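Let chain R serve as the given structure and place chain D on it in line with the hints.
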Amino acid sequence: MNRSVERHRNIVDFAISSLFRRKGKNISLLLVYTLIVFVIASIIFFIQALKREAGLVLKDAPDIVVQRLIAGRHDLIPVNYAGKIASIRGVSGVRPRLWGYYYDAAVGANYTLMATDDQPPAEESIFIGSGVARSRRLAEGDMMTFRASSGAPVLLTVDKILSSESELVAADLVIMTEKDFRTMFEFPGERATDLALTITNPREITTIAAKIVQQLPDTRPILKSEILRTYDSVFDWRGGMLIVMLSAAVLSFIIFAWDKATGLSAEERKEIGILKSIGWETADVLLLKFWEGTVISLSAFITGVILAYVHVFFFSASLFEQALKGWAVLYPQFKLIPLVDPYQLAVLFFLTVVPYTVATIIPSWRAATVDPDAAMRS
Amino acid sequence: MISDVRKSTVFSFFILSGLMLSAVLMLHARQSRINSEATLAANAKMVKDLRLTDLCLFTEARYTRHPSMADLHSPFQDHPLALDHFPSGSLVSPPRFHHGAP
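If you read the sequences in order, they're chains R and D.
Read in order, the letters of the first sequence are residues 1 to 378 in the working numbering.
Read in order, the letters of the second sequence are residues 1 to 102 in the working numbering.
Hints were generated in silico from the structure; no laboratory data involved.
Predicted model only: the values in this text are computed from it and were never measured.
Idealized CB from N, CA, C, for every residue including glycine.
Do not take every clue at face value.
In silico DSS-like pairs for lysine-lysine, Cα to Cα no more than 25 angstroms straight-line [to be verified]: (1) R:Lys-59 - D:Lys-45; (2) R:Lys-25 - R:Lys-179; (3) R:Lys-160 - D:Lys-45; (4) R:Lys-25 - D:Lys-7; (5) D:Lys-7 - R:Lys-84.
Ranges between beta-carbon positions, derived for each pair [said to hold, decoys possible]: (6) D:Met-26 - R:Val-32: 25 to 31 angstroms; (7) D:Ser-22 - R:Ala-283: 31 to 37 angstroms; (8) R:Glu-123 - D:Met-26: 48 to 54 angstroms.
With the rest of the complex left out, here is chain R:
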C-alpha cells in the first residue's frame, strides 16, 4: 500500500516538475480552463438559485388569473365577470386586480403601478419599492410626481419604502389606493386589469379554467402552475442567450482539449522517448500523463467552482449584471439565496475534468508505444 502511494507521489512530483518546465503554456492553460469552469459554474449556480427562489416566493400567487382578450390583445376585464366566475363551483374567491405600467420620463424607468385593498396607503400616498426610491432618490415623506392620463401632474406622498430584501418581487412597485389609481389613469369604474381567483381544491384548477373559457369565451385563464412553469423555463439552458454563453464556453473547452488531444510537442515526444529508454514502462508514462492532466484539471475545477460561488452569492453575479440589465434603468439589487446542487456539480465535473484528462492520455499513449529511439529522433 505504502509503496503504491509512494510510487504515485514520485510520479506526481515528476509530473508537476514537468509542468513547470513549460511554465508559460501550462499557466495560460490553467487560467483558460479555470475561466471556463468559472463561467459554466456561475451560470449553473445563478439559474438554480433563481429558480428555487421563484418557486418558493410565487407558491402563494393567485391560483388562476383571468384576463380578457379582445382581438388577440389583453384588454380590461368587466368587474361583473367576477360574479359569473364566483358562481362556478370550487371557486372560493374572486378579486379584481388593478395594475399597470408607468413610464417615468424623468429617469427613463418603467414602474409597475398597483392598487391594493389590503392595508392600502392613505389617500394621495404611496408605498414604493426600493428600486423606485433608488432611481428617483426618494425618502419616506418625499413627494413623487406622476403625469396623469389627462397630462395633469399628480403629486403623491411616499408613505413607506418597501424593504430592500423584497426587491426580487417589488423593486419597481408603486402601490396606491384604488381611488388614486382610477383617477390617475381615468380607469373605467366597472373595469379591472384582470381577476385573481382562489380555488378551494387545487386539483380542480384545470377543470375550473376550462369552465371559465366555456362560459366566458373572451377570457384567458392563467394557472398558477403555468406561472411557476414560466419561471422554470426562464433561463432555460436550451434557450436564448444562455445557450450562446454555454456553447461558447463549451466550444472553447473542446478547442483546447482537442489541441491537447491531437498531438504532443516535439519536446514532449522526446521526453517520453528518454523516459522509455531509461527504463520507464508504457504504463508509467501513461500514469505520468494522467497525473499531469489531473493536476491541471482538478486545480482548475476546484478554483473555478469556488470563484463562481463567490461571484454569484457574494457579489450578486455582478459580471452578468450588464447582460441581465439590458436597457432597463431600474434593475433590482438582490442577493440570491445560495443553492449548490451536487448533481449539477457532478455533471460539470464529468464534462470538464474527465474529457480533458482522457484527452491528455491518448496522444501520450500513441507516443509511448513507439520505439524510444524513433521518439527521440522525431
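Okay, now just chain D, sitting in the frame of chain R:
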C-alpha cells in the same frame, strides 16, 4: 527550507484546502438558507397579499416584467417576423401554456 517540500505535498495541500473551502461554502449555503427563511416568507406574504404573479427581474418591457401575464406573441408584436429588440428578451423563454386561448 520550502524547496525541500515535495511538490506532491504542496499539490495535496492545495487540493485539500480547496475541498475544505468548498465544504465551508456548502455550510455557508446551508446557513444562508436557514437565515433567509424569514425574508422568503415575507416576500411570499407580499406576493399573496398583493396577488403578484411575477418576479421583478427585467423592467425594460412589459412582457419581460410580467412574462407569465404576457401574450404569447408579445415579443413579435410589431409584426410576425420582427425579432425581439429588448436584450432581456434573449434571456427569457416564451411561457409554455398548454391550454385554451393564447
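The hints, checked one at a time:
no. : hint                                     : result
1   : R:Lys-59 - D:Lys-45                      : holds, 10 angstroms
2   : R:Lys-25 - R:Lys-179                     : violated, 69 angstroms
3   : R:Lys-160 - D:Lys-45                     : holds, 17 angstroms
4   : R:Lys-25 - D:Lys-7                       : holds, 19 angstroms
5   : D:Lys-7 - R:Lys-84                       : violated, 78 angstroms
6   : D:Met-26 - R:Val-32: 25 to 31 angstroms  : holds, 27 angstroms
7   : D:Ser-22 - R:Ala-283: 31 to 37 angstroms : holds, 32 angstroms
8   : R:Glu-123 - D:Met-26: 48 to 54 angstroms : holds, 51 angstroms
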